[in-house]
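Input sequences plus hints: build the corresponding full structure.
Protein chains: 2
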Amino acid sequence: MKKGHQSWEFYSSPTIISSGTVVGPDEGLGPLARHFDRIHGDLRLNQESWEKAERALLEEAATIAIGKVKLREEDVDFWIAGDLMNQIISSSFAARTLGIPYLGVFGACSTAMQSLALSGLLIESGAAKRILAGACSHRATAERQFRNPTEYGAQKPPTAQFTVTGAGVGLIVSSSDYDEIASRQPEIPPPIRVTGATIGRVVDMGVDDPYNMGAAMAPAAVDTIQAHLRDFGRTAEDYDVIFTGDLGNIGHIIAKELLNEQGVTFKSNAFMDCGMLIFDQQKQQVWSGGSGCGCVATTAYGYLLNEMRKGTWKRILVVATGALLSPVSYQQDETIPCIAHAVILEGGNV
Amino acid sequence: MKKGHQSWEFYSSPTIISSGTVVGPDEGLGPLARHFDRIHGDLRLNQESWEKAERALLEEAATIAIGKVKLREEDVDFWIAGDLMNQIISSSFAARTLGIPYLGVFGACSTAMQSLALSGLLIESGAAKRILAGACSHRATAERQFRNPTEYGAQKPPTAQFTVTGAGVGLIVSSSDYDEIASRQPEIPPPIRVTGATIGRVVDMGVDDPYNMGAAMAPAAVDTIQAHLRDFGRTAEDYDVIFTGDLGNIGHIIAKELLNEQGVTFKSNAFMDCGMLIFDQQKQQVWSGGSGCGCVATTAYGYLLNEMRKGTWKRILVVATGALLSPVSYQQDETIPCIAHAVILEGGNV
Numbered sequence: 002m003k004k005g006h007q008s009w010e011f012y013s014s015p016t017i018i019s020s021g022t023v024v025g026p027d028e029g030l031g032p033l034a035r036h037f038d039r040i041h042g043d044l045r046l047n048q049e050s051w052e053k054a055e056r057a058l059l060e061e062a063a064t065i066a067i068g069k070v071k072l073r074e075e076d077v078d079f080w081i082a083g084d085l086m087n088q089i090i091s092s093s094f095a096a097r098t099l100g101i102p103y104l105g106v107f108g109a110c111s112t113a114m115q116s117l118a119l120s121g122l123l124i125e126s127g128a129a130k131r132i133l134a135g136a137c138s139h140r141a142t143a144e145r146q147f148r149n150p151t152e153y154g155a156q157k158p159p160t161a162q163f164t165v166t167g168a169g170v171g172l173i174v175s176s177s178d179y180d181e182i183a184s185r186q187p188e189i190p191p192p193i194r195v196t197g198a199t200i201g202r203v204v205d206m207g208v209d210d211p212y213n214m215g216a217a218m219a220p221a222a223v224d225t226i227q228a229h230l231r232d233f234g235r236t237a238e239d240y241d242v243i244f245t246g247d248l249g250n251i252g253h254i255i256a257k258e259l260l261n262e263q264g265v266t267f268k269s270n271a272f273m274d275c276g277m278l279i280f281d282q283q284k285q286q287v288w289s290g291g292s293g294c295g296c297v298a299t300t301a302y303g304y305l306l307n308e309m310r311k312g313t314w315k316r317i318l319v320v321a322t323g324a325l326l327s328p329v330s331y332q333q334d335e336t337i338p339c340i341a342h343a344v345i346l347e348g349g350n351v
Numbered sequence: 002m003k004k005g006h007q008s009w010e011f012y013s014s015p016t017i018i019s020s021g022t023v024v025g026p027d028e029g030l031g032p033l034a035r036h037f038d039r040i041h042g043d044l045r046l047n048q049e050s051w052e053k054a055e056r057a058l059l060e061e062a063a064t065i066a067i068g069k070v071k072l073r074e075e076d077v078d079f080w081i082a083g084d085l086m087n088q089i090i091s092s093s094f095a096a097r098t099l100g101i102p103y104l105g106v107f108g109a110c111s112t113a114m115q116s117l118a119l120s121g122l123l124i125e126s127g128a129a130k131r132i133l134a135g136a137c138s139h140r141a142t143a144e145r146q147f148r149n150p151t152e153y154g155a156q157k158p159p160t161a162q163f164t165v166t167g168a169g170v171g172l173i174v175s176s177s178d179y180d181e182i183a184s185r186q187p188e189i190p191p192p193i194r195v196t197g198a199t200i201g202r203v204v205d206m207g208v209d210d211p212y213n214m215g216a217a218m219a220p221a222a223v224d225t226i227q228a229h230l231r232d233f234g235r236t237a238e239d240y241d242v243i244f245t246g247d248l249g250n251i252g253h254i255i256a257k258e259l260l261n262e263q264g265v266t267f268k269s270n271a272f273m274d275c276g277m278l279i280f281d282q283q284k285q286q287v288w289s290g291g292s293g294c295g296c297v298a299t300t301a302y303g304y305l306l307n308e309m310r311k312g313t314w315k316r317i318l319v320v321a322t323g324a325l326l327s328p329v330s331y332q333q334d335e336t337i338p339c340i341a342h343a344v345i346l347e348g349g350n351v
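Top line first, the protein sequences correspond to chains S and F. Heads up: the first sequence begins at 2 in the working numbering, then just goes up one per residue. Heads up: the second sequence begins at 2 in the working numbering, then just goes up one per residue.
Hints were generated in silico from the structure; no laboratory data involved. Some hints could be false.
Pairs count within a copy or across copies, as identical chains cannot be separated in the list.
[As the list claims (entries may be wrong)] Derived lysine-lysine pairs resembling PhoX-like cross-links, with alpha carbons at most 25 Å apart:
hint, residue 1, residue 2
1, K3, K71
2, K284, K157
3, K130, K3
4, K311, K71
5, K69, K315
6, K4, K130
Fair warning: this is a prediction, and the values are worked out from it, not measured in the lab.
Following this line, the structure appears as structure tokens:
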């Protein structure tokens with residue numbers, strides 16, 4: 002299973018059989034809207050607090066994912082999830098609601114791919130048959146926890162990013178379980194296989210500006226992409242597209258330049274960023290693009306899976322990036338440690 | 002590998018070859034002092050802030066664990082760690098220092114056993130050869146993040162617990178790697194095998210008092226112990242001791258009564274709690290006992306391993322409990338969701 006220095010190759014085709022994506026009003030006005038299962042017009046989801054709204058997003062996404070294949074919570078072995086909230090309360094409270102044995106994880110905005118990588122590992126190793134993996138974020142909870150109360154109306158520099166309000170959850174099953182379920186439910190879409198993953202190292206190039214996460218995270222994305230290609234003996238051309246999580250405009254340019262300098266080049270549209278896809282950057286005021294655990298989670302479990310099922314891409318690499326700072330570390334004059342975890346997704350039979 | 006509903010059995014004997022434990026002054030005055038590798042007399046470890054002191058504890062424990070067997074950071078595949086700080090900054094910043102591919106986890110005070118369970122899984126499945134797993138906490142960082150600034154001198158009820166200042170890190174390797182390293186270094190102590198684990202569900206019985214974590218967590222410990230015994234087809238008598246993480250006096254009594262009601266009984270000294278062992282509750286003012294991620298981490302990687310190597314116990318179960326609340330969830334009138342993860346440790350050849 003171990004491949005090279007920091008990667009895993011999965012030979013048994015752990016399979017994403019289903020997913021659930023739930024977003025807020027801004028994401029519902031963006032170009033990926035049709036790929037989301039549910040769009041809430043009310044940022045608060047009729048909940049008492051932003052935090053309860055964020056949890057509701059995650060619980061809904063989980064319920065949708067298992068409902069699509071007519072399973073129930075008790076049919077799932079583990080719930081692997083994380084979020085940006087202090088003590089990842091969205092995921093933990095969702096674990097209480099779901100009642101599924103729970104592994105909480107944290108990789109900031111890289112969490113969705115960290116949990117998917119671990120899910121692939123658990124399925125591959127026979128440690129589980131079915132796993133729900135997910136991540137979420139909410140603009141209003143992130144603003145007040147990481148930045149300022151929104152009531153301040155604090156101005157933002159153009160390098161800032163707009164936290165996605167959304168949750169993405171995947172249901173990952175063994176290949177044989179997919180075949181069994183799909184044989185009973187012919188409406189189930191083609192399988193998407195999780196065929197490998199690369200676990201990132203922390204990279205910190207000294208950026209200390211929490212309003213420029215893209216620049217901080219770009220070197221971590223580059224480090225993980227390089228490690229991945231080295232571990233698998235592949236080039237970027239072996240992937241139809243390499244997607245980063247939420248580098249935004251600024252981080253995307255930096256990452257591309259760094260990779261080019263190191264000899265990694267891309268064909269047109271073969272290197273994209275979920276933070277640049279989820280909003281219409283001409284019409285929506287999102288500065289450098291989307292961010293938050295929910296950005297790559299909803300884009301990957303919505304748009305990317307749909308396009309792969311249609312055959313647009315056969316093999317992609319999703320490299321979710323995370324900035325591992327806290328308001329306290331920032332106040333204590335620390336720079337921003339960043340990380341990226343990558344997962345290979347393949348459509349059809351592999 | 003999957004065993005029953007929520008457990009894993011490891012057949013290849015993932016092995017704890019080494020560990021590092023570093024504690025603060027209060028733990029150094031407690032009855033387990035001689036089992037810790039390093040005791041700091043200064044709660045701040047000569048650092049600029051409590052948070053940097055906490056990180057230093059974890060980095061020191063990691064460095065000690067790999068130094069004992071003459072390995073270097075680059076010889077280790079993954080760093081799996083977590084802590085109580087917002088965004089688990091202690092573990093993430095330590096990951097930056099160590100430079101090892103990193104999986105951040107969060108299970109509050111259950112984190113040490115969550116990371117050890119995952120380490121067993123990664124070794125068993127061939128996803129890694131060597132893993133550093135750890136957790137830490139610091140009294141002063143926890144006080145100001147979860148409770149009040151210490152300067153307030155707020156009074157505490159007798160149900161409160163005293164956060165352990167300490168970090169515990171284990172180096173987990175494959176059985177063959179242990180044999181190879183030990184053949185070159187005869188001073189390496191006998192192996193401790195990680196032979197199984199049970200991943201907990203979230204249990205919330207409605208306790209909402211953050212100064213009574215023991216009562217909140219006891220039902221989660223009971224749920225996981227029951228699940229473990231059911232999954233493995235064992236009784237409590239199959240373990241020399243079942244250790245809980247940090248229930249303290251109050252939680253220990255509740256857990257024991259709940260288990261007794263369900264027909265699980267223990268011989269004398271066969272059900273103990275790390276939170277009651279780490280301090281001298283007669284002489285030290287720790288209310289109901291120790292708590293924090295560092296409590297079970299330092300007790301297990303120090304005292305428990307040492308006694309197992311001496312042969313005091315042959316097979317134990319360590320059930321680390323965690324309260325998955327945040328100050329925000331408490332302020333929003335939520336009750337406290339709790340979880341417990343259990344790991345089987347066996348001495349000698351199994």
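A quick look at each hint next to the structure:
Taking the closest pair of Cα atoms, K3 and K71 come within 25 Å of each other only across two copies (23 Å); inside a single copy the shortest separation is 34 Å, beyond that limit. In this assembly of identical chains, the alpha carbons of K284 and K157 lie at most 25 Å apart only when taken from the same copy (17 Å versus 54 Å across copies). When the C-alpha separation of K130 and K3 is checked against a cutoff of 25 Å, the pair qualifies both within a copy, at 20 Å, and between copies, at 9 Å. Taking identical chains as interchangeable, the C-alpha atoms of K311 and K71 lie at most 25 Å apart only when both belong to the same chain, with a minimum of 23 Å there against 52 Å between chains.
In this assembly of identical chains, the alpha carbons of K69 and K315 lie at most 25 Å apart only when taken from the same copy (23 Å versus 47 Å across copies). In the homo-oligomer, the alpha carbons of K4 and K130 lie at most 25 Å apart both inside one protomer (23 Å) and across protomers (11 Å), since each shortest distance falls under that limit.
The structure is consistent with each of the numbered hints, conforming to all of them.
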